[in-house]
Amino acid sequence: MDGPGMETDAGLAEALTDNVIVTPGDVICRSAGFVRGHGTFVREAMLVASVAGVVHRVNRVVSVRPVGSRYVGEVGDVVVGRVTEVAAKRWRVDVRGRQDAVLLLSGLHMGEGTQRRMTAEDQLGMRKHLQEGDLVCADVHTFFSDGGMSLHARSAQYGKLQNGCAVSVPPFLIQRLAAHFVTLPCGVDIVVGMNGVIWVAESVSDEELEAAAAAEEAAARAASSSPSSSSSSSSFAATHRSRGLSSAAKASLRRRVAAEREVTAEARRRVARVRACIAALGWALLAVTPAHIMALYSSAEAAGTPLVSLSDPAVMAELVRGLGEEEEEDDDEDESGAAAAAGADAEFDSASVPAPVVKVAAAL
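Its first residue numbered 218, the sequence shown is counted upward by one per residue in this note's numbering.
Because the hints were derived from the structure by calculation, they are not lab data.
Zero decoy hints are in this set.
Each computed PhoX-like pair below joins lysine-lysine, with the alpha-carbon atoms no more than 25 angstroms apart: (1) K377 <-> K306; (2) K377 <-> K467; (3) K345 <-> K467.
Owing to the predicted nature of the structure, the values given are computational and were not obtained by experimental measurement.
Can you build the whole structure from these sequences, using the hints too?
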């Protein structure tokens with residue numbers, strides 16, 4: 218197959234697995250049986266790319282996503298954006314799309330542990346929760362008739378982001394993950410936004426969570442004045458000690474600890490190093506995944522690369538080149554292992570088939 222041309226449906230599916238990149242004029246596949254999508258046109262019964270980007274297929278619709286395109290969201294996407302305006306009952310959030318997304322007041326988690334209707338007082342105090350310039354994490358809830366995105370942040374793990382930094386990469390480098398809230402082995406948390414914005418912050422350890430929970434329990438006991446409330450508070454604490462915090466309560470407590478604690482100099486260095494590794498992946502147009510981030514992080518640590526040198530293009534190119542060589546070695550090992558397994562299966566199958574059948578098959 219010359220270039221990215223794909224003659225059959227099977228060839229197209231195989232190419233999509235490899236995230237094939239096309240340039241204007243490249244033949245993608247035959248037009249018969251497929252529907253022309255954005256970034257393509259039909260010429261001589263062939264689908265041809267009209268822009269440079271990555272081939273994308275949804276059922277029979279074939280399109281090309283440009284490399285420098287704006288973010289096009291899908292329902293359920295985790296995004297990281299910046300608040301640009303506080304309006305009536307809503308915030309406008311820049312998610313690097315064609316237009317600002319909308320986060321409704323009723324769609325924000327207030328951290329109270331209960332779901333309730335928003336009042337006029339909540340509308341007047343919207344800036345207490347989010348104001349212009351704040352970074353917020355949410356998911357895409359729905360779309361308006363004009364194509365605008367409506368965000369949702371009702372879960373405790375969503376909301377305002379503090380005590381960290383954000384780094385932006387092209388959105389097409391972000392892959393859909395099983396979990397977009399990832400704790401890296403180096404002690405750094407990342408929120409991988411599908412819009413190409415990645416939040417980087419220090420991880421909250423279990424010891425910090427236990428200390429914060431104990432402090433809140435002590436404060437609740439001190440605030441209680443009547444014996445009945447004291448006994449109920451004690452039973453509540455005993456229940457949590459025996460069963461542990463729920464996932465929602467733990468996420469809410471983790472967010473409060475991350476916002477209120479003081480970040481040490483060593484933690485800032487780890488966060489800055491992870492951010493530099495993500496920026497290097499974006500600079501090299503490589504997929505931004507937790508595995509790639511940790512591979513670059515480990516390579517920089519092993520080489521003793523100073524933090525200030527990670528922004529040097531020559532240093533970034535060397536680290537990325539090493540990552541590519543490691544991936545090629547892994548691919549070769551996988552291919553050799555698959556070939557050995559296939560040979561073993563073939564040997565086993567031929568041994569288990571009666572001799573006359575094997576002879577007939579060999580003759581054919």
